[in-house]
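First to last, the sequence lines map onto chains X and V.
Just so we're aligned: the first sequence equals residues 1 to 328 in the numbering used here.
Just so we're aligned: the second sequence equals residues 329 to 686 in the numbering used here.
Calculated from the structure, these hints are not laboratory results.
Be aware that a few hints might be false.
To be verified - Derived Cβ-Cβ restraints for the label pairs, each shown as a range:
{"no.": "1", "chain 1": "X", "residue 1": "Phe211", "chain 2": "V", "residue 2": "Arg674", "range": "17 to 25 Å"}
{"no.": "2", "chain 1": "V", "residue 1": "Arg567", "chain 2": "X", "residue 2": "Asp51", "range": "52 to 60 Å"}
{"no.": "3", "chain 1": "X", "residue 1": "Val98", "chain 2": "V", "residue 2": "Trp653", "range": "53 to 61 Å"}
Said to hold, decoys possible - So the derived list for chain V, only partly shown, Cβ under 8 Å to chain X, looks like this:
{"no.": "4", "residue": "Val476"}
{"no.": "5", "residue": "Asn477"}
{"no.": "6", "residue": "Leu494"}
{"no.": "7", "residue": "Tyr496"}
{"no.": "8", "residue": "Ile610"}
{"no.": "9", "residue": "Leu663"}
Ideal Cβ positions, reconstructed from N, Cα and C, are used throughout, including at glycine.
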Amino acid sequence: MESRMIADRREFSVRGFFLQWEWMLVLLFVAVNVLNVNLSEFYWDFDNLRDATMSFLDKAFIVLPMVFVIILGDIDISVGSIVALSSVLMADLYNHGVPMPLAMVICLASGTLCGLINGLLIVKFKELSSVIVTLSTMIIYRGIAYILLKDQAAGKFPDWFNFLGWDYVAGIPFILIAFVAFAVAFGYLLHKTTFGRRVYAIGSNATAARFSGVRVDRIKIVVFTLAGLMSAVTALFLTSRMGSTRPNIATGYELDVIAMVVLGGISTAGGKGRMIGAILAVFLIGYLRYGLGLVNVSAQTMLIIIGLLLIVAVAIPKLKRSRAKRRA
Amino acid sequence: MNNPKGRPAAAGANAEAAVVPSQSPGGAAAPKSLSAYVAKFRELGLLAFIVLLSVGVQLRNPSFLSWENINDIATNTAILSILAVGMMLVIVTRGIDLSIGATLALSGMIAALTVKQYPGMSPLVALLIGIGIGIVCGAVLGFLVSKVNILPIIATLGMMNVYRGLTYEASGGKWVSAHQMPDSFKSIATGKILGINNLIVIAIVIYVAAYYFVSHTRTGRRVYAVGSNPESAEISGIRSGRILWLVYTAMGGLAGLAGVLWVSKFASAQGDTASGYELSVIAACVLGGVSIAGGTGKISGIVLGSVLLGILNNALPMINVSPFWQNWIQGMIILVAVVINALVKRGIDRSNLMRRRI
Chain X
1 MESRMIADRR
11 EFSVRGFFLQ
21 WEWMLVLLFV
31 AVNVLNVNLS
41 EFYWDFDNLR
51 DATMSFLDKA
61 FIVLPMVFVI
71 ILGDIDISVG
81 SIVALSSVLM
91 ADLYNHGVPM
101 PLAMVICLAS
111 GTLCGLINGL
121 LIVKFKELSS
131 VIVTLSTMII
141 YRGIAYILLK
151 DQAAGKFPDW
161 FNFLGWDYVA
171 GIPFILIAFV
181 AFAVAFGYLL
191 HKTTFGRRVY
201 AIGSNATAAR
211 FSGVRVDRIK
221 IVVFTLAGLM
231 SAVTALFLTS
241 RMGSTRPNIA
251 TGYELDVIAM
261 VVLGGISTAG
271 GKGRMIGAIL
281 AVFLIGYLRY
291 GLGLVNVSAQ
301 TMLIIIGLLL
311 IVAVAIPKLK
321 RSRAKRRA
Chain V
329 MNNPKGRPAA
339 AGANAEAAVV
349 PSQSPGGAAA
359 PKSLSAYVAK
369 FRELGLLAFI
379 VLLSVGVQLR
389 NPSFLSWENI
399 NDIATNTAIL
409 SILAVGMMLV
419 IVTRGIDLSI
429 GATLALSGMI
439 AALTVKQYPG
449 MSPLVALLIG
459 IGIGIVCGAV
469 LGFLVSKVNI
479 LPIIATLGMM
489 NVYRGLTYEA
499 SGGKWVSAHQ
509 MPDSFKSIAT
519 GKILGINNLI
529 VIAIVIYVAA
539 YYFVSHTRTG
549 RRVYAVGSNP
559 ESAEISGIRS
569 GRILWLVYTA
579 MGGLAGLAGV
589 LWVSKFASAQ
599 GDTASGYELS
609 VIAACVLGGV
619 SIAGGTGKIS
629 GIVLGSVLLG
639 ILNNALPMIN
649 VSPFWQNWIQ
659 GMIILVAVVI
669 NALVKRGIDR
679 SNLMRRRI
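Given these sequences and hints, build the entire structure.
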């Protein structure tokens, strides 16, 4: 049996340090870049690499809270639908005369509310797994987006909003700055606060955590609410970059997000993983897609590659563990 | 059925009868809570709801219960319920399969491409090709879930992408449309046996086979044993890995069969065929009383669940409900159904506890 202790400060050993999953990701990241440089002469260009972040960082905002959700041992597959609902709601309100700043606030609020509903349902009905709850809210939230906008697109946002996803601050894309800020905040929350420690405790053993005085329900609600809020943040950036929105926006985002989190070394069994892994995975998959896109690899082939990457990322640690078990 | 978690179904019932000798086995005569009552008559309740819904819709739109429309509902429900049978087996083992829409599309597409290439081929061969591809897809999933120990939701989410991508790759992004398919292939879905549409016949054969499998074969009972308590199943000498593998492979085979039927019925194979259909299938199971916690589920329940969904999908447009409301309504129905399932189970657990003699 592997130990279920929550790692405290581990003793430092050079070998252990370099055997971490995160180093594997760094190596993979280098490999992807080497591959891309060889595939296309246009890849290794600072402006391109910088601007590519604009195209893949939008969903990365959801990766941050999803790390918490998966460390809890849960899953949230409604995030793509929350993006759609809050984006469509914002556009619809704006087109009905609500001022844009207010519509943006409502967008964030509606995402938060969706997440809160997920959290409440999961906590109140413990018999239901988070899979089935978020599966049904996934259909419901996107259903509301369809009710609001039918099969139309909505847009015509003010210019300043359209720049949100495209603008630079001091030569750096605004979305990159925002992502780094959120990533630092979420990393701090996970690794440096009691809240984060409790999330690990629940993920390792929810019953033990409860008996140790951790308010499991409250923490779960907060985590799912954060997932809703960050989905709305994604909605803001995505809508701004697209310039318009449709009810089928962000379809399949949940898969990409979960793939990044799992590739980042966060165990789906709960209780294990670190924020830095997920962040590395975001850039790894982002640049992989960007590089393959440069050499005209189709979206369908990319589907296959991302799907296989997800499977392999989950399978490797399992296979390693079962080999270790056999040896023992 | 709804035993407290962690007790195999049969053992639970016996233990209860032993502890409470004054009551008939199962406690049918005792006064009991409303929820226990609901659980016993779940199928009846579903049936009553279906009848009420039909009568209501019929009053609004008299063409609803016309022979043609009923036939339409039945053939649509046939495909849904074939998939629901496989999904029930998967959910009973505490799993879930999100890849079936993609498996369906892939096998339907490859069957369609084959008949397009060889129009003289017997439709039976096309069916076998579809089923074969489905079985391979399912076996891969079974391997990932049972041998590599990947969570079903992650494994099926990943493979869903792979199978969907392969569907586009196989077709080069093009459709196979009606005029490219020989009539013999299209007749799979339109033909009749003894005056009954093939789809309905196939579905009924599958219900009967599945009923026999889950209630009268040893392997079928093992599926439930693995679902209600994996550890004790393993200790009792059941190789749960093999059961899981079998279940996902069966699901794949049924999805492959459904793929050929789908393509033949709609006379069109597309890259995005049946995308998102897995949600409807899961909804049918949940409506039919299959517990997502595993170990519980009846064929009769899921057939009724599928019929209810089929009627809803058909009836909503007939009473002028905008198609844009359908997603929302379906989602709400799933949510309400699982919440009711949970409440019923709570009530049963509580009344079991109350009847214990201390």
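Problem set entry | Range hint 17 to 25 Å (beta carbons of Phe211(X) and Arg674(V)) holds or violated | The hint (17 to 25 Å, Cβ to Cβ) holds, given that Phe211(X) and Arg674(V) are roughly 22 Å apart.
Problem set entry | Hinted contact Val476(V) with chain X - closest CB pair below 8 Å | 5 Å, holds
For this session: Could you check if Ile610(V) really has its C-beta closer than 8 Å to a C-beta on chain X?
Result: Constraint on Ile610(V) satisfied, holds at 7 Å.
Problem set entry | Assessment of proposed distance window 53 to 61 Å (beta carbons of Val98(X), Trp653(V)) | The hinted range 53 to 61 Å is violated for Val98(X) and Trp653(V), with Cβ atoms some 24 Å apart.
Exercise. Any CB of chain X closer than 8 Å to the CB of Leu494(V)?
Worked result: Leu494(V) check passes; min Cβ-Cβ to chain X is 7 Å, inside 8 Å.
Exercise. Under the criterion of a CB-CB separation shorter than 8 Å, is Leu663(V) in contact with chain X as hinted?
Worked result: 4 Å, holds
For this session: For the range 52 to 60 Å, tell me whether the beta carbons of Arg567(V) and Asp51(X) fit it or not.
Result: 54 Å, holds
Problem set entry | Agreement of hint Tyr496(V) with chain X interface, Cβ distance less than 8 Å | For Tyr496(V), the interface hint holds, since the closest Cβ of chain X sits about 4 Å away, which is under 8 Å.
Problem set entry | Hinted contact Asn477(V) with chain X - closest CB pair below 8 Å | Since chain X brings a Cβ to about 5 Å from Asn477(V), closer than 8 Å, the hint holds.
Consistency with the previously given hints fails for number 3 only.
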